[in-house]
Each structure stands twice: as C-alpha cells, then as structure tokens.
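Take any residue in the sequence shown, count from 1 to its spot, add 8: that is its number in my numbering.
The hints are simulated quantities; they were obtained by calculation from the structure and are not laboratory data. Small disclaimer: the values here were computed from a predicted structure and weren't measured. One or more of the hints may lead you astray.
[Said to hold, decoys possible] Result set (DSS-like, lysine-lysine): computed pairs, CA atoms no more than 27 Å apart in a straight line:
#1 K115 <-> K44
#2 K216 <-> K115
#3 K216 <-> K286
#4 K204 <-> K260
#5 K110 <-> K19
#6 K19 <-> K44
#7 K332 <-> K260
#8 K226 <-> K334
#9 K19 <-> K115
#10 K226 <-> K369
#11 K204 <-> K216
#12 K110 <-> K186
#13 K604 <-> K286
#14 K260 <-> K286
#15 K204 <-> K186
#16 K216 <-> K110
#17 K286 <-> K226
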Amino acid sequence: MSITWQGIPDKYEAGAAAVAALQPAPDFTATVKVVKQTTPGLTVERDGQDGMIAYDSPSDLMRAVTLWLGHARTQTAFTLTERAHYDTVGVMIDVARNAVPKVQTLKDAFVRLASLGYTEVWLYMEDCFEIPSQPYFGHQRGRYSQADLHELALAADAVGLTLVPAIQTLAHLRNLFKWRAFDDVMDAPDCLYVEKPETTAFLRQLLKAASAPFLTDKIHIGMDEAYNLGRGQLLRDRGLVSQEDLMVAHLKTVVGLCDELGLHPAMWSDMWFKMASKQHRLYDPDTEFSDDLVASIPPVAQVYWDYYHEDEAPYDRMFELHQKLKQPLIFASGIWTWNGLAPTVRTAQATLRAGMAAAAKAGVRDVVTTMWGDDGSEVPLRAAWLGLQTFAEYQYHDTVPDAWAAAQFALMQGRDYNAYLLLDKFENQLEDRPNMTIDDPGKILLYEDLLLQRYRKNLEGFDYAGHYAQLAQDLAGATVAEPDRPMFTYYAHLAHTLSLKATALLELQTLLARGPEAVPAVTQALNRLRQAMLVTIQEFRQLWHAERRGQGYEIMDLRLNGLIGRIDTTLWRVAAWVKGDDQLEELQAPVLEMDKYTSGPTGRGRYIQIISACGISQNM
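Turn these sequences into a full structure, and let the hints guide you.
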C-alpha cells in the first residue's frame, strides 16, 4: 500500500518524504494532490482514494503531510483547515551547556520539528563552533566545524526550516576565558572588554564564522545577563563607566559589524530593563526608559524571554514596555528542559498558556520556545517532544487545552501524553499543579550527600521514598513508543534509585541514635542504592552517547560515579564507626534549613550547590 503525492515542489520532495516516514506505513492506497495557496495556513482533505493538501509556507506543507496521514489512518473522509497565527514559530536548542548533539541527532530533530509546523530553529552555540583563525575557541567542547554547520543548515532547509545561529557577543563567555588566548579581550570572567580594538577584531572573526555556514542573514547576538559589564579589567583601566553607555556603544559596534556582513541581528532584551530599573530588577514592571536611551539603540530585534508566570498580567505589562523600545519584538517562551533531571511539564504548560495568550493580544508576530540545558544538560533531548508539540499548536490554535495537546501528540507523533506527563513528577511533588517555585526535589535527592545531608531539613515532611517508588512503577507500566523505550526504562530506574536514596538518607539520619544494631539496615540500604545507581548510570550513559558527542560526558561521569564513591566511603566509615574509629561528625552537625533558593516546599539547586558546602580553593 502506498501514497502518491502529486505537486510537491522538487525542493521539498525528499523532506516531505522524510516527514511522511515518521508515520506508520499506510495500509491503503491513495493519491494526494498538493497545491500552493495564497492565504496563511493549510487545508487537508480525503475522499476515499483521493486526497488534497493546500498550503502556504513550507512549514504548512510539512505539517499538512503529517496531519493528512494521521487522520487517514482512521478516517476515509475528512476536511480540516488550520490558519497560521505567526510569521515565525521557532525553537532554540541549547548546544553550549556541556552537551553538543550529534549532527545526525539534529538532522533527525529537524524532520520531526518540520512535521509539527515549525519554521525556524535557533542553534544556541556560545563557543561550540569553529572559528578557523582561533584554534582555542570551543577547543575540547565538542564544537561544530564549519562543514558541520553548513550540513545542518542544508538539512533544515530541505524540510522547510531556517536554521539561525545564536551566539554571544558580550557575556556568557566563561568557557571562552578558560583559555589564556583570549586574555586581551576579557573584562570580567564571563564578559568581553568592550570598545577595545582587539575585541572588535575578535568580534568580526566571531560573527563571520558564526554566519558563513548558514543560509540566512538572521543572527542572534545574545547580550543577556551581562551583569559584570565594565566591572573587571575595564574598571581598573578606565574607572567606573555607566553600563548603559557601555552597552549602547558595544551594541552599535556589533550592529555595525553585522551591517558589514549583511546580517540582521536580534538580541535578548533583559539588560535594557536591568539598567533602567530603579531597583536594578530583571524585567521590572516599573521600568521607565529614558528618551535618550530609546533613541540611542540601533536597529536590532528585541527578544523578550519569560518562562516564569502562569498569569497573563506580567506578560501584558512586559509587552507594553517593550513597545516603548521601538524595535521589532520577538517573544521567547520555554518548555522547561533545564530545571533538573526531567522536563517540568506542568510548569511549561502553565507558562506557555499565559505567555502565548499575552503575545497574541500584543500582536507579536514572531515567537520561539527555548530548550535550555542549564547545569549539564541532564535531560535527554527526546524528553522534550510533548512540550514541542504543545508550543507548535499555538501557531494554529488560539488556546491549547491539555486534551487537545494529548490528542495531537498521539495523532502527529504516536506518543502517549500521560506517559510523558509522568516525567513532570521528578521535579514536581505537587498534585496536579504546576511547580511555579521551580523546586527540583529529584535533582536534590540524587546529589544529596549521604553524610552531609545539606537539604535534610528541606526534605522533611514528604514521603520521597514512596513518591519515587510509585513513579518508578508508573513509568514501567507506561504506554511507550518503541524508539522511546530506552529513555523510559532509564527514567523508571532513576525513579527507583531516588526512592532507594531517600530510604538510605533516612536510615543514616537515625543511625547514631539507634546504635550498632541499626548497621545491618543501613548497610543493606546503601548496598541496594549502589546496585541501582550502577544500572541507572549505565542507562544514562547509553542515552547520552546515542544523542550527543562525547565531550561533556566526562563531567557527568565524575558527578554520577562520584555518587558511587560516596556510597563506598559511607559504608567504610560506618564500619569504622562500629569499631569506634570514626565519629561520623557530619551526622552530628546541626540540622539547618538550606537557606538558598528555597521559595518552594523543597528548594532548588545546581550540582555544585547541592553536593557540598566545601569547594576547591582557587588560590595558588
């Protein structure tokens, strides 16, 4: 049985075939006529063996192929029309946070993104790409070569996507400054020394290398969270200079370089708010921009990023304030792949619902969702597909109820909504509510030291052993598409491991009070945890290397296998304690609340904050 497609442009024949191949092989024969229309959106029809697709943009075409095949599986006659709301609907994939996807991984992702109706992909790279004249730029970080990037740009174009480089031209460059080769362009440890000839020369190389392999004149130049601007070597050389003056001057230099290369830049907008706020708050609703500042900003699209509110009002106010900057506006939401061990699904749903409704009211024409990988990119890329489906639906629908997202997820991707929703329970201990305080109890529990137990007070009052044991059982019984089975097997074992970790922590907390007779139970809990950790590590390693290059996994090896080492040390010290040779001083310390990042029931933290209060001194 087969489908004959008539009228697909030659340029997109192979791409449409790749999109169609994502769907189950049809058990019927049909001919589908494909025609170009002049209005935004798409129409799909079937009447027995005759079908029709009408589309406007390449992204509409790819989504239409998916929808036609999805509906044709169960219906012999249908008519469906969808109208596109936005000029661009994109996703930003972070490849700079310790995990660089393989070229094939991204090419496969492009096909699936196209099948959902995406128009753009932003590749957030920082230093993870090649600058031919700078051998240390991205060295040992898994960087993409110029050839890699061109191959990716062509692959995206083949399925109707525009691949856009997203880099940093001011801050977020801490990895760059690990090399002495860039000392002459460094201000602070993460920020460029602006308005310096050496910096301008470097930026010219940077922008050329970042744009040359791509097929678009669009480029994202970053410039967010530059809090140390002018506060390092520049301060020592020139004295205190207004950050606003430095920011404007630097932006004019970068935009001038973009003009030389024929590029149209976009930047994150947050620093304008941070500098103009009387309280120096990020996206302060009381921000007032001076006329001089607004007049001084050169033409560059402003990207308003916000993934933190479940109510529309904060977004409404920010859109209103962004209009005062008198620049093209892009809205960036987020699908919460960066908060811990798994996607924070309900948080993504709530913030998307509010943010996208506000964006529509404000008349925004360009939207993107972000897939950050903060603190090591611990979330497998394929765990994001429910969030990506949900965001894509806002291109064609005013609202996206959970039931609609579930139906579309099954129709277009063959995935079970409830299975993916289970992943939310790793970092959300609330019942059927979004985790708006951004707690990450799963990550805390995984990295919590067995003896220090920094979050002991925070973890009290909730049955984490029971919560994760039930989650492990639910994940093991979930309806899972075959390609996703290794990921769900990993997550089921991870949940089991967290349940055992919670038990081991509780056993150790009462060890001193119970005395030597408690040692068998403690030893058993630790040994069970050790065995589970070994399995979980092996599965995570397999997932990582199936999706990503090897660089960066050395960090995960140290983190995860370090947990095995701490189990072994704890077993050894407990045995010494029984003999009277160790006092287990850590377990005798006062139990205090972890007083950072604790706005919610448990708290949150990055690995370095969770694992220890100590650190290796940088003094020589």
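Handout entry: Proposed proximity, K216 with K204 (alpha carbon, max 27 Å)
Key = OK: K204 and K216 at ~19 Å, within 27 Å.
Exercise for the section: Take the C-alpha atoms of K204 and K186, compute the straight-line distance between them, and say whether it is at most 27 Å. Expected result: Distance of about 20 Å is within 27 Å: holds.
Problem - Pair hint K110 and K186, alpha-carbon separation not exceeding 27 Å - result: holds, 24 Å
Handout entry: 27 Å Cα cutoff - pair K216, K115
Key = Distance ~23 Å between K216 and K115 Cα, so the pair holds.
Practice task
Starting from K216, check that the Cα of K110 is at most 27 Å away, please.
Solution key: Within the cut-off at roughly 23 Å; holds.
Practice task
Below or equal to 27 Å on CA atoms is what counts here, so check K115 against K44.
Solution key: Status holds; Cα separation ~26 Å.
Problem - Distance restraint between K226 and K369, which requires alpha-carbon spacing of 27 Å or less - result: holds, 26 Å
Exercise for the section: Sort out whether K226 lies within 27 Å of K286, counting only the CA atoms. Expected result: violated, 33 Å
Handout entry: Pairwise hint evaluation, K334 against K226, where the allowed Cα distance is 27 Å at most
Key = holds, 19 Å
Exercise for the section: For the pair we were handed, K216 and K286, check the Cα-Cα distance against 27 Å. Expected result: Status violated; Cα separation ~37 Å.
Problem - Proposed proximity, K19 with K110 (alpha carbon, max 27 Å) - result: holds, 25 Å
Handout entry: K604 paired with K286 [C-alpha distance capped at 27 Å]
Key = Measuring from Cα to Cα gives roughly 25 Å; hence the hint holds.
In terms of the numbered hints stated before, the structure departs from hints 3, 17, listed from lowest to highest.
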